[in-house]
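FYI, the numbering for the sequence shown is 30 to 127, going by my numbering.
By construction, these hints were calculated from the structure, which means they are not laboratory data. A portion of the hints provided could be inaccurate.
Said to hold, decoys possible - Beta-carbon label-pair distances, calculated as ranges:
hint : residue 1 : residue 2 : range
1    : N49       : R122      : 37 to 43 Å
2    : S64       : P124      : 39 to 45 Å
3    : S64       : R122      : 31 to 37 Å
Cβ coordinates follow ideal geometry from the N, Cα and C atoms, glycine included.
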Amino acid sequence: MTTKARVGTRSGVPVVSLTNPRTAQIFFENLGHTSKERRELRGDIFKQISRNTKLQDELLSVVAKHPAVQRRILLELARDLQFRKRLLKVVGRIPKHT
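Produce the complete structure using the sequences and hints provided.
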């Protein structure tokens, strides 16, 4: 069975709809490969997300609905030493409630 992904453009950039679960699975499986190209692609995606607050809001609203995805993202990000250092800095700034 072949699934057809909806493709559109935003600001001239091709956009693939990830509303189809199979399309999303294939996309993220391919993104998860450890080749240099895929690492660079992941880095570029995170750079784009970090520069765009609207994109961050959209991503967070989707992820907020899926606890399993939240855990997987945090586990994956926790493998990165730089991310762990940043996360610890953020956690250190959270006020402690007594």
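| query | Does 37 to 43 Å hold as the CB distance between N49 and R122, or does it fail? | reply | At 39 Å between Cβs, range holds.
| task | Go ahead and decide if the range 39 to 45 Å is satisfied by the Cβ distance of S64 to P124. | result | Since S64 and P124 have Cβ atoms about 42 Å apart, the given range 39 to 45 Å holds.
| message | Taking the Cβ atom of S64 and the Cβ atom of R122, is their distance within the range 31 to 37 Å? | response | Between S64 and R122, where Cβ atoms are some 36 Å apart, the hint holds.
The structure shown violates none of the earlier numbered hints.
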